[in-house]
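*Asks:* Spelled out from the first residue to the last, the chains are:
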Amino acid sequence: MKLSDIAKLVDGEIVGEGNVDIRQVAKIEEAGPGDITFLANLKYKKYVVTTLASAVLVSKDLPLAEFAQRRKALSFVVVPDPYRSFVRLIDTFQPASAGLKGIHPSAVIAPSALVDADAAVGAFVAIGVGCRIGAGAEVHEGTIIGDGAEVGEGTILYPNVSVREGCRIGSRVIIHSGTVIGSDGFGFAPKPDGTYEKIPQRGIVVIEDDVEIGANCAIDRATIGETRIGKGVKLDNLIQIAHNVVISENTVIAAQSGVSGSTKVGKNCSLGGQVGLTGHIQIADQTKIGAQSGVGKSITESGKTYFGYPAREVRETLRIEAALVQLPALVGQVRELTNRVQELEKSLRPRKTRKKK
Amino acid sequence: MKLSDIAKLVDGEIVGEGNVDIRQVAKIEEAGPGDITFLANLKYKKYVVTTLASAVLVSKDLPLAEFAQRRKALSFVVVPDPYRSFVRLIDTFQPASAGLKGIHPSAVIAPSALVDADAAVGAFVAIGVGCRIGAGAEVHEGTIIGDGAEVGEGTILYPNVSVREGCRIGSRVIIHSGTVIGSDGFGFAPKPDGTYEKIPQRGIVVIEDDVEIGANCAIDRATIGETRIGKGVKLDNLIQIAHNVVISENTVIAAQSGVSGSTKVGKNCSLGGQVGLTGHIQIADQTKIGAQSGVGKSITESGKTYFGYPAREVRETLRIEAALVQLPALVGQVRELTNRVQELEKSLRPRKTRKKK
Amino acid sequence: MKLSDIAKLVDGEIVGEGNVDIRQVAKIEEAGPGDITFLANLKYKKYVVTTLASAVLVSKDLPLAEFAQRRKALSFVVVPDPYRSFVRLIDTFQPASAGLKGIHPSAVIAPSALVDADAAVGAFVAIGVGCRIGAGAEVHEGTIIGDGAEVGEGTILYPNVSVREGCRIGSRVIIHSGTVIGSDGFGFAPKPDGTYEKIPQRGIVVIEDDVEIGANCAIDRATIGETRIGKGVKLDNLIQIAHNVVISENTVIAAQSGVSGSTKVGKNCSLGGQVGLTGHIQIADQTKIGAQSGVGKSITESGKTYFGYPAREVRETLRIEAALVQLPALVGQVRELTNRVQELEKSLRPRKTRKKK
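Residue numbers (my numbering), protein chains in the order written: chain A, 1 to 357; chain B, 1 to 357; chain C, 1 to 357.
Among the clues, some could well be false.
No copy labels: a pair is met if it fits in one copy or bridges any two.
Below, in silico cross-link-like pairs of lysine to any residue (SDA-like), each with a Cα-Cα straight-line distance of 20 angstroms or less [as the list claims (entries may be wrong)]:
#, residue 1, residue 2
1, K191, K267
2, K45, F67
3, K346, E336
4, K267, R132
5, K198, R172
6, K43, I281
7, K231, S248
8, K43, H280
9, K2, G18
10, K2, R88
11, K8, P63
12, K297, R315
13, K45, L62
Calculated directly from the structure, the hints in this document are not laboratory data. In this text the structure is predicted, and so the values were computed from the model without any measurement.
Input sequences plus hints: build the corresponding full structure.
*Replies:* Structure follows, in structure tokens:
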């Protein structure tokens with residue numbers, strides 16, 4: 001594809017040679033001749049000098065003259081948002097693999113299940129009694145859908161997902177392999193003899209539209225009522241969502257984080273990786289929580305950033321961190337000060353021995 | 001169902017109107033008209049005033065007169081243990097879904113496997129050579145059971161569980177979807193050239209009776225001998241149990257915790273979420289370990305509570321935490337004190353310059 | 001098997017009775033009559049006195065005379081490397097279970113897939129269009145291999161693994177149950193309305209030769225290009241590897257650790273359990289990182305040991321840890337010092353009141 005055609009596609013302006021052939025997209029550090037790449041963050045502009053790419057998508061903010069002089073062989077396409085234009089080119093050069101089509105003859109579908117004529121069902125899929133699978137949905141190989149569960153339009157369940165009975169998954173949801181939706185919540189009542197009695201877990205999981213859930217997550221069904229993943233929420237891999245949790249819309253959670261039972265996370269929050277939230281708390285909208293933090297109390301004011309174990313407002317954690325580095329020296333300073341004060345006390349009361357406990 | 005009938009079922013005494021119709025169970029914050037809920041913890045008694053429920057299970061400890069006056073439309077059922085009575089009503093209003101029945105024709109069962117006539121086997125289940133599946137056991141869709149493995153009576157393996165060869169699972173065990181029993185322990189001997197040689201992992205996993213294991217856990221087989229999960233142990237989701245670990249009876253472990261190789265956890269312990277235990281240590285009976293703690297040494301005295309990274313007895317961790325908040329100020333105080341001491345030293349020895357290193 | 005035969009097998013020298021019958025291998029603490037065990041670490045030599053084993057593999061470093069006298073019934077086999085000899089005996093007494101053989105008739109293999117005549121494919125396996133499965137490979141029950149993926153010679157995929165389209169797995173690789181290779185990387189571009197747009201994830205995962213990956217791991221495909229797991233890398237269970245990560249050869253990572261996007265881990269590193277690495281950093285070769293550490297910055301010097309949250313060089317973390325224990329006392333000491341300095345100031349300037357802010 002000629003660079004001039006690419007420029008038209010992304011509505012950009014060429015600085016340099018438009019007749020060059022572009023064969024693929026690549027990251028700026030890895031790109032070679034024939035590749036087009038992008039520069040979104042000016043922090044990385046040094047790579048413009050070293051990249052072997054044939055073309056770079058850039059914004060108006062890049063002082064092009066400077067670079068164009070040094071890199072005669074390199075062409076530029078100036079666009080309003082280089083990253084977004086690059087994402088569009090990914091779709092052009094590396095189109096998505098064809099989705100699943102048709103109903104595989106090995107699939108076991110209960111006669112009472114309503115599978116839309118336009119849905120696709122892979123090999124070794126089991127779909128239980130009374131399920132509904134929407135138009136354009138793809139249920140990939142080895143995925144098991146329990147009785148009465150619902151899967152919305154255009155939703156993709158990748159291979160080996162387990163959806164337990166009665167759970168409801170919205171439209172345009174993506175669930176990656178190995179994830180479990182609707183396993184029993186973790187609830188046991190201690191008995192006097194030290195053993196535990198299982199508390200029945202009869203609620204469901206509701207996953208709203210436009211959610212994406214990574215690989216090997218576990219989202220437990222509610223004891224009663226619902227565990228709810230709000231519209232547009234994005235969960236990374238290996239995340240634990242306990243019973244009766246609510247994750248509100250457009251919140252993003254990175255890998256290996258866990259949310260304990262009945263906690264409610266607000267809208268548009270972002271949690272880093274390996275974060276833990278205790279149970280029965282509320283996290284205000286637009287809260288940011290740094291990686292590996294442990295949150296033990298509700299966060300009531302929205303828009304704040306928390307970090308640490310235990311999590312505190314980020315400034316406080318950073319102040320403590322900075323002081324912590326000085327702590328070993330501080331121990332020595334206090335010891336020295338104590339000696340000096342003792343000396344002073346002695347010289348002031350030279351004949352009396354100061355009593356110390 | 002009339003409230004009067006419910007009162008009989010839970011052996012309770014009605015205060016208010018017994019003729020009201022109850023349609024379902026709900027949590028006190030979420031209950032609406034026609035719902036019955038419960039109050040187990042007096043801390044939440046404010047909800048008795050605001051709940052829209054038609055009836056509340058309460059204990060004798062609630063000062064009923066006070067509330068009965070304010071809430072004419074609300075009826076009470078006084079029972080010895082409101083929570084336990086509520087759990088019973090969950091079973092009444094939301095009965096468990098029918099378990100799996102029969103042997104699905106797609107299942108692949110080795111001729112030498114002994115599957116009890118009263119066990120159920122779902123679609124796409126594979127059961128290996130010489131396996132035994134007990135009466136009343138349910139092996140759900142997509143679950144794979146390796147050669148020689150055993151599954152006890154009444155045990156439920158939910159969809160997409162993997163049980164590797166030779167492992168033994170007791171009776172009335174519940175294993176949730178995606179969990180892996182008997183994967184190889186993580187053992188490698190370093191070679192002089194920097195590569196590793198795999199140490200054969202030929203032991204098994206033994207899961208005793210009445211254990212429940214959450215979704216997407218990994219329980220490794222022993223190098224030689226057994227990895228053992230004791231009677232009545234409850235494991236939440238995404239837990240790692242390494243080779244040759246022993247978890248003793250009635251211990252409860254919350255999600256995303258990990259126990260390293262050859263560690264032995266005592267009886268009736270409880271571990272919070274995201275806890276890590278190092279290898280080759282012993283944890284005494286009835287130890288409690290707070291969420292996200294890291295335990296690097298054996299805990300020898302039973303009944304203590306540990307917390308933190310590294311884990312210390314909870315009181316010590318809390319004292320350090322409290323001091324930590326004061327640390328940034330302390331750094332300033334020590335600096336100021338140093339100045340003041342220097343001033344004092346000067347005024348005492350005005351003509352001599354104190355030597356400092 | 002006679003001990004004398006074992007001695008020949010491991011090329012060792014018997015001290016004691018060679019005619020004794022050995023029935024199995026066991027750990028020294030658990031061994032009973034008829035068992036052979038080993039002593040590799042002299043720290044555990046006390047067990048030589050108490051073990052019920054019939055024989056112990058020992059090195060020349062053990063002062064045998066001392067023990068032989070006290071344990072008449074115990075025989076010794078002196079070898080250069082007792083642990084390695086023991087591993088060999090595990091293979092003798094507990095041989096590996098027979099691998100998978102043949103192609104199960106229930107497997108669904110695309111006509112265009114090239115499955116070597118000497119590869120084995122289990123029940124309910126799906127192999128997509130254009131896949132290649134090498135000689136001696138074992139694809140166990142319930143494992144799903146997406147279109148165009150490749151599996152090298154002698155590689156074992158245990159039950160219920162998911163390999164997504166286009167990923168390439170080398171030779172002699174072992175992947176344990178439940179692991180997902182090639183799920184989408186976690187990439188979303190925020191939109192002005194607070195929702196997110198999915199960034200296409202069109203790269204692949206490349207797993208080089210001789211890698212072992214534990215159970216229920218998630219290894220995401222690259223946005224563009226590759227996520228790469230280098231030759232000889234060993235990953236434990238429940239590990240998260242994000243998009244475009246590179247783990248270089250012979251690095252070992254313990255369970256539940258996570259590596260964020262585009263981070264590059266060097267060769268021969270070792271990461272403890274539950275470690276987190278932030279994105280876009282580089283970890284130098286031969287770095288060791290302690291369990292539960294959080295690494296937020298590149299580590300540029302090779303061969304160092306890091307530990308803590310945030311991770312610092314181990315000595316620094318230990319110094320801070322040691323000081324931290326003294327911190328609560330330090331707060332008291334500073335308070336006391338402040339009082340004493342105030343007293344001194346008063347006695348020096350008895351008539352003037354010192355001004356304090």
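*Asks:* Could you figure out if K231 and S248 sit no more than 20 angstroms apart (CA to CA) within one copy, between two copies, both or neither?
*Replies:* Within one copy only: 7 angstroms inside a chain, 38 angstroms across chains, cut-off 20 angstroms.
*Asks:* Go through the copies and call it for K198 and R172: within, between, both or neither, with a Cα cutoff of 20 angstroms.
*Replies:* Close across copies (12 angstroms), not inside one copy (35 angstroms); limit 20 angstroms.
*Asks:* Using 20 angstroms as the alpha carbon limit, work out where K297 and R315 are close: within a copy, between copies, both or neither.
*Replies:* both (18 angstroms within a copy, 19 angstroms between copies)
*Asks:* Up to 20 angstroms between alpha-carbons, please classify K2 paired with R88: within, between, both or neither.
*Replies:* within (16 angstroms within a copy, 62 angstroms between copies)
*Asks:* Tell me, please, which holds for K45 and F67 at an alpha-carbon limit of 20 angstroms: within, between, both or neither?
*Replies:* Within one copy only: 9 angstroms inside a chain, 69 angstroms across chains, cut-off 20 angstroms.
*Asks:* Cα distance capped at 20 angstroms. Does K43 pair with H280 within a copy, between copies, both, or neither?
*Replies:* The answer is between: 13 angstroms across copies meets 20 angstroms, while 42 angstroms in one copy does not.
*Asks:* State whether the alpha carbon distance between K45 and L62 is at most 20 angstroms within one copy, between copies, both, or neither.
*Replies:* For K45 and L62, the Cα distance is within 20 angstroms only inside one copy (8 angstroms; across copies 63 angstroms).
*Asks:* When no copy is named, should K346 and E336 be tagged within, between, both, or neither for a Cα gap of at most 20 angstroms?
*Replies:* Cα proximity of K346 and E336: in one copy and across copies (15 angstroms, 17 angstroms).
*Asks:* I want to check one pair: K2 and G18. Are their C-alpha atoms no more than 20 angstroms apart within a copy, between two copies, both, or neither?
*Replies:* within (7 angstroms within a copy, 80 angstroms between copies)
*Asks:* State whether the alpha carbon distance between K43 and I281 is at most 20 angstroms within one copy, between copies, both, or neither.
*Replies:* Classified as between; 15 angstroms across copies, 39 angstroms inside a copy.
*Asks:* How would you label the pair K191, K267 (within, between, both, or neither) given a Cα cut-off of 20 angstroms?
*Replies:* So K191 and K267 pass the 20 angstroms test across copies only (15 angstroms; inside, 39 angstroms).
*Asks:* Reference check for the pair K267 and R132, CA-CA at most 20 angstroms: within, between, both, or neither?
*Replies:* So K267 and R132 fail the 20 angstroms test inside a copy (29 angstroms) and across (45 angstroms) alike.
Hints 4 and 11, counting from the list given before, are not met by this structure.
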